[in-house]
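As a plain string of letters, each chain reads:
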Amino acid sequence: MEKSLEIIMDIGEQMLLSGAEISRIEESVLRLGEALGAKRTDAFIITSNMEVSLHDEKGVNYTQTRRVSNIGTDIEKLHRLNALIRKICYGNITHEEIEAQLEKIKTSKAYPFGVILLAYGLISGAFTLFFGGGIVEAVCSVIIGFVLAFIVKGTELGALNKIFAKFFCSFASALLAFVCLKFGIVSTVDHIIIGNIMLIIPGVGLTVAIRDLFVGDNLSGALRSIEVVLFAFAIAGGYFLAAGIMGGGAI
Amino acid sequence: MTALIQIITGCLGSAGFALLYNIRGKRFVFAALGGLLAILFYILFGLIIENEILNYFICAALVSLYAEIMARVLKTPTTTFIITSLIPLIPGGSLYYTMTGAFSGNLESFIEYGLYTLGLAGALAAGIIVVVSTVKIILGKR
Numbered sequence: 001m002e003k004s005l006e007i008i009m010d011i012g013e014q015m016l017l018s019g020a021e022i023s024r025i026e027e028s029v030l031r032l033g034e035a036l037g038a039k040r041t042d043a044f045i046i047t048s049n050m051e052v053s054l055h056d057e058k059g060v061n062y063t064q065t066r067r068v069s070n071i072g073t074d075i076e077k078l079h080r081l082n083a084l085i086r087k088i089c090y091g092n093i094t095h096e097e098i099e100a101q102l103e104k105i106k107t108s109k110a111y112p113f114g115v116i117l118l119a120y121g122l123i124s125g126a127f128t129l130f131f132g133g134g135i136v137e138a139v140c141s142v143i144i145g146f147v148l149a150f151i152v153k154g155t156e157l158g159a160l161n162k163i164f165a166k167f168f169c170s171f172a173s174a175l176l177a178f179v180c181l182k183f184g185i186v187s188t189v190d191h192i193i194i195g196n197i198m199l200i201i202p203g204v205g206l207t208v209a210i211r212d213l214f215v216g217d218n219l220s221g222a223l224r225s226i227e228v229v230l231f232a233f234a235i236a237g238g239y240f241l242a243a244g245i246m247g248g249g250a251i
Numbered sequence: 001m002t003a004l005i006q007i008i009t010g011c012l013g014s015a016g017f018a019l020l021y022n023i024r025g026k027r028f029v030f031a032a033l034g035g036l037l038a039i040l041f042y043i044l045f046g047l048i049i050e051n052e053i054l055n056y057f058i059c060a061a062l063v064s065l066y067a068e069i070m071a072r073v074l075k076t077p078t079t080t081f082i083i084t085s086l087i088p089l090i091p092g093g094s095l096y097y098t099m100t101g102a103f104s105g106n107l108e109s110f111i112e113y114g115l116y117t118l119g120l121a122g123a124l125a126a127g128i129i130v131v132v133s134t135v136k137i138i139l140g141k142r
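Residue numbers (my numbering), protein chains in the order written: chain A, 1 to 251; chain B, 1 to 142.
Chain A on its own, in the form it takes in the complex:
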């Protein structure tokens, strides 16, 4: 039973880290508990902490708590965890096999940095055009997107506070856009900044927060919402600072 609990905690932790909604994780933990032979399973999970108890046939109770931080978004991992859970629930899989597969999932890789870099450029360029920018603006936006990719990578490596990281990303991208304006490359920074802002905006955070809130996980939903609001302020703050330094050429 101890081993089962360990497996359940590992799977739950990985799900939380890859950005799953709370209700999905709790539901998975309950199903896993049942599949791995617990008579009763209790789970309490929020965005930063998880607690699971299993009761066996004799009424003995096993409990573990885990502190979870650095939640990201890794859909591929989530997909594979999902498949593993389904397999476990259908039975016919030993603990060793589960552990081996879990280890493989844990060490699975994200896209290489080159692809991420490309994605940053693609997103900022696409949204600059999307919101009405011209070709020259899109090119500037792509270049700033590349720079932003390095900055984000840097803040992650430096384990910088998330809110400050958002502030800094917003500041840097707005500053670079104003530099383009100062050199007369573009006539307005609006579309460049909008394209880059789409990269920094906590869109995922917002949708997951909403889904958490409305399936009954109020606490996690509230925590995520607060984070989203703080990020929005940080982004605005970064822009203000850059616009202030550059004399607010936008308006």
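FYI, nobody ran anything at the bench for these hints, they're computed from the structure. Everything numeric in this text was worked out from a predicted model, so none of it was measured. All C-beta atoms in this analysis are idealised placements derived from N, C-alpha and C, irrespective of residue type, glycine included. A couple of the hints might just be wrong.
[Unchecked claim] Pairwise CB distance ranges, derived in the manner of DEER restraints:
#: 1; chain 1: A; residue 1: GLY244; chain 2: B; residue 2: LEU47; range: 34 to 44 Å
#: 2; chain 1: B; residue 1: SER104; chain 2: A; residue 2: PHE113; range: 33 to 43 Å
#: 3; chain 1: A; residue 1: ILE185; chain 2: B; residue 2: THR2; range: 54 to 64 Å
#: 4; chain 1: B; residue 1: LEU4; chain 2: A; residue 2: LEU241; range: 54 to 64 Å
#: 5; chain 1: B; residue 1: LEU115; chain 2: A; residue 2: THR188; range: 21 to 31 Å
#: 6; chain 1: A; residue 1: ILE185; chain 2: B; residue 2: ILE58; range: 32 to 42 Å
Position chain B against the provided structure of chain A, taking the given hints into account.
Here is chain B on its own, set in the frame of chain A:
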């Protein structure tokens, strides 16, 4: 022309985010396609519906429905398609104009764009909620 550019770039934007979130294979294609659908719905309904916020609500609901269906077809969490497909509908533009309004001390434009942004975000949220809740009711709490 603008519509065509928006459809293409909206799809590319969703594809970019699908790369960032490590979505692979078939799921990548359908995540990007979701972005295309989102903006296509938005433009089409924009022809009939004048109220932007109502339009947002309907598009968000339809896209969430698409996400729920694709998640079941491809046996993968719904999150995959919701977080990528809705990207083109995120009100980045009006959020930016809210900020510039606040920065330049233009209270009128700050309030106007601020409320508008909140309205759009609320409509997105409501659209997602309606579908998530309905699906939950229909399929029952497992």
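Now for the hints, and whether the structure bears them out:
The hinted window of 34 to 44 Å between A:GLY244 and B:LEU47 holds, with their beta carbons roughly 42 Å apart. At about 38 Å, the CB distance of B:SER104 to A:PHE113 agrees with the hint of 33 to 43 Å. Between A:ILE185 and B:THR2 the beta carbon distance is about 23 Å. The supplied range of 54 to 64 Å is therefore violated. Hint check: B:LEU4 to A:LEU241, Cβ distance near 37 Å, so the stated range 54 to 64 Å is violated.
In this structure the hint that B:LEU115 and A:THR188 lie 21 to 31 Å apart at CB holds, the actual value being about 24 Å. For A:ILE185 paired with B:ILE58, a C-beta distance near 39 Å keeps the hint of 32 to 42 Å intact.
This entry does not satisfy hints 3, 4, going by the numbered hints stated previously.
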